[in-house]
Amino acid sequence: MTTAARQETRALAEWRAEIRAWLEANVPEGGLPDPESGDILDAHRAWERTLFEAGYAALHWPVEYGGKGADLDARIVFQEEYERAGAPPRMNLGGLMLAGPTIMKYGTPEQKEFWLPAILSCEHLWCQGFSEPGAGSDLANLRTSAVLDGDELVINGQKIWTSGGMHADWMFGMVRTGDPQSGHRGITYVMIDMRTPGIDVRPIKQINGQTGFSEVFFTDVRVPVANVMGELNGGWQVAMEALGHERGAGRRTYVKFLNDLAQLREFVTSLGQADDVGVREDLGRLLTAVSVYRHHVGRTVADSMRGHDGPEASYNKLYWSEMTAQIHEVGMRVLAARAELQDDEKSLPGAKQWQDNYWFSRATRIFAGTNQIQKNIISERVLGLPKEPRR
Amino acid sequence: MTYAFTAEQEDLRRTARDLFGRTCTPGDVRAAWEPDADQDRSRWRRMADLGFLGANVPTEFGGSGLGDAELTVLLEEAGYAALPEPLLETAAIVVPILREHGSPEQRETWLPRIASGEVLATAQLMDAPAAPYGTVADLALLELDDGLHLVPGDRLTREPAPSMDGARHTAALRGVPDAGTRLPDAARVDARSRGAAAAAAVLNGVTRRLLDMTVAYAKEREQFGRPIGSFQAVKHLLAEVALEVETARPAAWYALTAVAEGHADAGLASSAAKAAANAAATTASYHTLQVHGGIGFTWEHDLHLWLKRGKALEFAYGSLRHHHRVLGDAVVTCPDLMATFGPALSAAS
Ligand SMILES: Cc1cc2nc3c(=O)[nH]c(=O)nc-3n(C[C@H](O)[C@H](O)[C@H](O)COP(=O)(O)OP(=O)(O)OC[C@H]3O[C@@H](n4cnc5c(N)ncnc54)[C@H](O)[C@@H]3O)c2cc1C
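Residue numbers (full-length UniProt numbering), protein chains in the order written: chain A, 1 to 391; chain B, 1 to 349.
Extracted from the complex, chain A is given alone in its bound form (with noise of 0.2 Å):
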């Protein structure tokens, strides 16, 4: 604690000067196009491809696979100046965040070359193939079978919720390859090209209007053995890694809401509401939970940097998301019964962004693990209450 719990040693703070001068010179001006909205993949790429060239794609992969092998403090010094530099979101996070370190720790060194260089350049984009319609919580349920014919499993069945499904180049999924019966132990974690025949992708309109996620059809799927990670019915314990992965800290910092709160204030600025002693207190608490967040952030990096990484990362998974709805919850309730209008930047300027972001951020609860789910993670694993009876 001490002094220190201020000030960053020597390198971290050259390493954010480093950054921040090169967001500065590199981000694109008035930012790019929503890369849901269809058709701007290309400009979403080139700027990954600058990232890329900049060494910046991926800090936390090894040097030997093209990262920079950076510790997590960091990493979040470098989340913390691109969202202060509002530089777009990032497009393959589930390549350079999941697959990519599934690969490095499972791939043979033939699969390693062909996938991580496409993987740090965006010329791949990757999606996650685990949910299912049984599937979604309960992911040991999953039924999307695979059968082993010579050196090829021969996939039959269906993905859900595929995010970025109908752009992806290939997909990192979960089949079965045990009996229906077997659960955890019959499921095998293998990479599948999405250009596959036999795959057939279909958009599904999200409540936000927008088709972010898709279904994913599998009819005789042939999928080389060699693209299998880990052992055949050992994929559970690759998918967990995994999944850890995408709860922990270091993909989101502070600054990000930091943003959000800074754009709710022009908001309800413009509205003429700053004034109001209620929304007052709103900002108030958002501020309280944004610094929470904060100093949150720095403890678990703090832990982790000491070898402590554990259950907890369900702490950052539950604040973050519901920060996220509470922040959003605030703009539709400045808008009060103006909430429901279809607004444009013509009759009220600002209004938009607030409707449809928060219809998307009642999906914060939902993805990554359900809250329920991160509550029973925290129940069982961290406060060691005694489990559920399962079957």
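Don't read these hints as lab results, they were simulated from the structure.
Among the clues, some could well be false.
Here are a few chain B residues that sit away from chain A, every Cβ distance over 12 Å (derived from the structure) [claimed, not checked]:
id : residue
1  : T15
2  : R99
3  : A330
For each label pair, taking beta carbons as the anchor points, the in silico distance ranges come out as [unchecked claim]:
id : chain 1 : residue 1 : chain 2 : residue 2 : range
4  : B       : D145      : A       : G209      : 56 to 64 Å
5  : B       : F315      : A       : E123      : 42 to 50 Å
6  : A       : K352      : B       : P26       : 50 to 58 Å
7  : B       : A216      : A       : G278      : 50 to 58 Å
8  : A       : K352      : B       : M338      : 51 to 59 Å
9  : B       : S346      : A       : E53       : 23 to 31 Å
10 : B       : S346      : A       : L148      : 55 to 63 Å
11 : A       : E64       : B       : R17       : 28 to 36 Å
12 : B       : D127      : A       : K205      : 31 to 39 Å
13 : A       : G278      : B       : R17       : 36 to 44 Å
Quick reminder that beta carbons are idealized off the backbone N, C-alpha and C, glycines included.
Following the hints, position chain B with the ligand against chain A.
Okay, now just chain B with the ligand, sitting in the frame of chain A:
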């Protein structure tokens, strides 16, 4: 940026937990509710012997060499034990205010006697109607209309004002101020920030204890043939308390560092820390009593010793609403949120 305690600081935590585990058991806390228990200074002297009361006192005045990080640990442990004595006021408010704003004479008179355990000090700040251990305090920091005054015990008038938490021995203090008791203007804001940050740390300790007591009970109490802690409705209540208190703690650590080092954001950091601690305490107060059921509603059960300490501290040094308003005003009036609250390039670069 580090938010971790050193091995020595963790040792100190064990020392404190051990001391309070022996001298501040729930039975001892209950005994401290007796009206004349405020006369007993034995635990206070033990704390002085271990250097707790010499924290942040300059060595020439008998300081123990313990600093802000150590004090942070002690404050959390004081809350965890529901320590009756005003460690918060003495060590986290009066000592630093004396050190930073006191006259040479005030410092010379009081700091050595605080460090040695001879003097027990309290504070009555903001709109507080009474001060803990106001019944017997030897020294009090009072916020009056014209500013902050440091008033010796023999110049205090003490009106009885008993607390719902009998161990706090509250009294409404009025001082007989004069030019010699008045502290410089800057002391006022500083004292408020220090009070809020330190109260947040103590309150988080209280909340963590409520959680631990309730987790233990939920593992042991059976209904419908299974421990109640296996019911998800119970589990989720406790997970919510854990989330709130464990995220509130580092905010208080940070605030205590910020006030100690006089950072520009000390006041706002303290408000955020206290707001978070207050919110966690409210959640814990509801959920932990609920999970205890009828037994938790009895005078005989120890739970209420912590419930009441928590409720008292929730409103001391600023309520949730007070701090939300302070922060909300800052959001609206600061010229550039990102410049004020966002990451800064440090001088080192
Ligand atoms: C915007 C968005 C993007 C997504 N992207 C992807 C993706 O790219 N790839 C992918 O694989 N998946 C993705 N998902 C799916 C997501 O992971 C699942 O929706 C989530 O795991 C929940 O599963 P479910 O929808 O089947 O709900 P269910 O599991 O059926 O849950 C329904 C409700 O029951 C509760 N519940 C279930 N089990 C328990 C329990 N044991 N205890 C307490 N409560 C319980 C849940 O919390 C929830 O409230 C996405 C979802 C959304 C909303």
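- prompt: Which of the listed hints are not met by the structure?
  reply: Of the numbered hints, 3, 5, 7, 8, 11 and 12 do not hold.
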